[in-house]
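Asker: Below, each chain spelled out in residue letters.
There are 2 protein chains.
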Amino acid sequence: MTVETQNLETLTSDQWFIDKDEHQALSLKYTGEVLYDKTSELQRVRVINTFGYGKTLTIDNMFMTTETDEYHYHEMIAHPVILASGNIKKVLVIGGGDGGTIREVLKHPEIEEVTMVEIDANVVEASKLHLPELSQSFDHPKLKLIIADGIEFMASAEPKSYDLIIVDGSDPAGPAKGLFSEAFYQNCYQGLTKNGILITQGESPCFHQETFAELNACIKGIFGAKKVFTLLFHIPTYPSGLWSFQIASKGNIDPRNISEAKVTEFSAKNPLHYYNFEVHKAAFALPNYVKKLLKEM
Amino acid sequence: MTVETQNLETLTSDQWFIDKDEHQALSLKYTGEVLYDKTSELQRVRVINTFGYGKTLTIDNMFMTTETDEYHYHEMIAHPVILASGNIKKVLVIGGGDGGTIREVLKHPEIEEVTMVEIDANVVEASKLHLPELSQSFDHPKLKLIIADGIEFMASAEPKSYDLIIVDGSDPAGPAKGLFSEAFYQNCYQGLTKNGILITQGESPCFHQETFAELNACIKGIFGAKKVFTLLFHIPTYPSGLWSFQIASKGNIDPRNISEAKVTEFSAKNPLHYYNFEVHKAAFALPNYVKKLLKEM
Numbered sequence: 321m322t323v324e325t326q327n328l329e330t331l332t333s334d335q336w337f338i339d340k341d342e343h344q345a346l347s348l349k350y351t352g353e354v355l356y357d358k359t360s361e362l363q364r365v366r367v368i369n370t371f372g373y374g375k376t377l378t379i380d381n382m383f384m385t386t387e388t389d390e391y392h393y394h395e396m397i398a399h400p401v402i403l404a405s406g407n408i409k410k411v412l413v414i415g416g417g418d419g420g421t422i423r424e425v426l427k428h429p430e431i432e433e434v435t436m437v438e439i440d441a442n443v444v445e446a447s448k449l450h451l452p453e454l455s456q457s458f459d460h461p462k463l464k465l466i467i468a469d470g471i472e473f474m475a476s477a478e479p480k481s482y483d484l485i486i487v488d489g490s491d492p493a494g495p496a497k498g499l500f501s502e503a504f505y506q507n508c509y510q511g512l513t514k515n516g517i518l519i520t521q522g523e524s525p526c527f528h529q530e531t532f533a534e535l536n537a538c539i540k541g542i543f544g545a546k547k548v549f550t551l552l553f554h555i556p557t558y559p560s561g562l563w564s565f566q567i568a569s570k571g572n573i574d575p576r577n578i579s580e581a582k583v584t585e586f587s588a589k590n591p592l593h594y595y596n597f598e599v600h601k602a603a604f605a606l607p608n609y610v611k612k613l614l615k616e617m
Numbered sequence: 321m322t323v324e325t326q327n328l329e330t331l332t333s334d335q336w337f338i339d340k341d342e343h344q345a346l347s348l349k350y351t352g353e354v355l356y357d358k359t360s361e362l363q364r365v366r367v368i369n370t371f372g373y374g375k376t377l378t379i380d381n382m383f384m385t386t387e388t389d390e391y392h393y394h395e396m397i398a399h400p401v402i403l404a405s406g407n408i409k410k411v412l413v414i415g416g417g418d419g420g421t422i423r424e425v426l427k428h429p430e431i432e433e434v435t436m437v438e439i440d441a442n443v444v445e446a447s448k449l450h451l452p453e454l455s456q457s458f459d460h461p462k463l464k465l466i467i468a469d470g471i472e473f474m475a476s477a478e479p480k481s482y483d484l485i486i487v488d489g490s491d492p493a494g495p496a497k498g499l500f501s502e503a504f505y506q507n508c509y510q511g512l513t514k515n516g517i518l519i520t521q522g523e524s525p526c527f528h529q530e531t532f533a534e535l536n537a538c539i540k541g542i543f544g545a546k547k548v549f550t551l552l553f554h555i556p557t558y559p560s561g562l563w564s565f566q567i568a569s570k571g572n573i574d575p576r577n578i579s580e581a582k583v584t585e586f587s588a589k590n591p592l593h594y595y596n597f598e599v600h601k602a603a604f605a606l607p608n609y610v611k612k613l614l615k616e617m
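Sequence lines, in order, name chains F and A.
So this note's numbering is basically just the index in the first sequence, starting at one, shifted up by 320.
So this note's numbering is basically just the index in the second sequence, starting at one, shifted up by 320.
Among the hints, erroneous ones may be present.
Copies of one chain are not kept apart here, so a pair can be met inside one copy or by any two copies together.
Unchecked claim - Capping the alpha-carbon separation at 30 angstroms, the derived lysine-lysine pairs in DSS-like fashion look like this:
1) K448 <-> K589
2) K514 <-> K615
3) K615 <-> K427
4) K427 <-> K612
5) K612 <-> K589
6) K601 <-> K547
7) K358 <-> K410
8) K427 <-> K448
9) K497 <-> K349
10) K615 <-> K582
11) K582 <-> K547
12) K611 <-> K349
13) K612 <-> K349
14) K615 <-> K601
15) K615 <-> K349
16) K409 <-> K462
17) K589 <-> K611
18) K514 <-> K462
19) K615 <-> K589
Just so you know, the hints here were simulated from the structure itself, not pulled from any lab data.
Please build the complete structure, drawing on both the sequences and the hints.
Answerer: Here it is as structure tokens:
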């Protein structure tokens, strides 16, 4: 029996932007208007206007960030590790060219210096032109923006320089591929101060599943199994909806431990859309199938 | 500027099954083979074979359940409320025709009787024919299966009859529409024993967003605001990936409180794929944007 088609819909590419692998696809309907579209030797960067999620930055055929739900990702990459660490002065961000991560990082007044290394000036330009909420911190006096390859930057970075390294890259394709390598994370380990902490975009346990597990294993191999923590959060505009960060601690910081008073104090000064104390605790709870993927069960 | 199409993909309906609203779509690629396809006056029921998630039950153009991730939903609709309640003997399931919910419910030996009221015999037939993992409990001696309209059933149900009512219906369209009405939940309230508890499919805070908030408000109006709890879980094959159950307590059971020993003991006897003690606690943590939708912040 073959399926009748009259009750099924067809998504056409002039109306729907489609982020897919061979088995599943996430599609957002958009106006057809493309606000930004530049292709370099690195990748194609576009800003489209979606009906459900507002202006949306895409790289090649992947959703990067949307105006409406970007805070899920940017709050969760910044606040859990910074609030749990407590003594972060120098931060390095690899990637993150849309500016959302530095906007959140710079909400913490104890941080003295943020170095950001983004490979693609077009991403910064697209965000500055079309995503003002995301790009509002590019002129911050504590920020040093370097347009360069983050992988090469880490290979020659001064050891023990950063209290926090944030790897805010895209999926392991194109220029982000080297962000999923052992050599790169070895260099991150060297670049961290004695009690430093790393957080990196960790893919999804339901999409790029192998990369999710391999990255966790790779970082455990470098930092030690007990120093690596998987944080899960939800984002409706990434395929499957469930995404992760891998956190690795060079010293003894356990990012699961957090003071409720500290989160409450920070939240009172900085109204947040996603993150709160309960969400911090909950983000480290892993369903059994995720524990199995990570060989933690 | 209009988008160039050569780098975008088109999803055709003879290869991809598409579950969508006007703004976003989730699509799973399938073999093209349809294992079951019956249309009644109620709805169209199909079983397709997807590449990523195995055999998949669909109703009209919605994904209902897939072989590969069905346990996310079925474990979370059964175990948190049953383990937190502790004294459940009589259970009523409205809907749930694929059998996944009763399979999980019947893992609790203290339960004496399960009545299931499913409106569409085709759903039961499709599951029995093609989804053996889901349909394995239809012959259980404690089960009483009634093919009837659950809304009408509740309207004439004996008061104070059930310790637990599970509403396992589909989205508010077609025959499931009345499952999102005040009259129906009033009848559920009447049907519960003094300390009884209700759990109902609550839609997504990122898809059918209005229904999500309205259902919560409706149930709060009947049970009282402090007796209603929103449980979140992740399921990759429902649009947006984030889904909810609304839990309402007629007595004083707070489903957030759970004994770790009890969960550990149950899990040792019943190996689970998704649910564990940490997941139970985490499921009640609501991101700020969800609290705002529910007027809880």
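Asker: Each hint needs a verdict: does it hold in this structure or not?
Answerer: Each hint tested on the structure:
| no. | hint | in the structure |
| --- | --- | --- |
| 1 | K448 <-> K589 | within (26 angstroms within a copy, 56 angstroms between copies) |
| 2 | K514 <-> K615 | within (28 angstroms within a copy, 44 angstroms between copies) |
| 3 | K615 <-> K427 | between (36 angstroms within a copy, 26 angstroms between copies) |
| 4 | K427 <-> K612 | between (36 angstroms within a copy, 22 angstroms between copies) |
| 5 | K612 <-> K589 | between (39 angstroms within a copy, 18 angstroms between copies) |
| 6 | K601 <-> K547 | both (17 angstroms within a copy, 23 angstroms between copies) |
| 7 | K358 <-> K410 | neither (33 angstroms within a copy, 63 angstroms between copies) |
| 8 | K427 <-> K448 | within (19 angstroms within a copy, 56 angstroms between copies) |
| 9 | K497 <-> K349 | both (28 angstroms within a copy, 26 angstroms between copies) |
| 10 | K615 <-> K582 | between (33 angstroms within a copy, 24 angstroms between copies) |
| 11 | K582 <-> K547 | both (23 angstroms within a copy, 29 angstroms between copies) |
| 12 | K611 <-> K349 | between (35 angstroms within a copy, 27 angstroms between copies) |
| 13 | K612 <-> K349 | between (35 angstroms within a copy, 26 angstroms between copies) |
| 14 | K615 <-> K601 | both (21 angstroms within a copy, 22 angstroms between copies) |
| 15 | K615 <-> K349 | between (38 angstroms within a copy, 29 angstroms between copies) |
| 16 | K409 <-> K462 | within (11 angstroms within a copy, 62 angstroms between copies) |
| 17 | K589 <-> K611 | between (36 angstroms within a copy, 19 angstroms between copies) |
| 18 | K514 <-> K462 | within (23 angstroms within a copy, 60 angstroms between copies) |
| 19 | K615 <-> K589 | between (40 angstroms within a copy, 21 angstroms between copies) |
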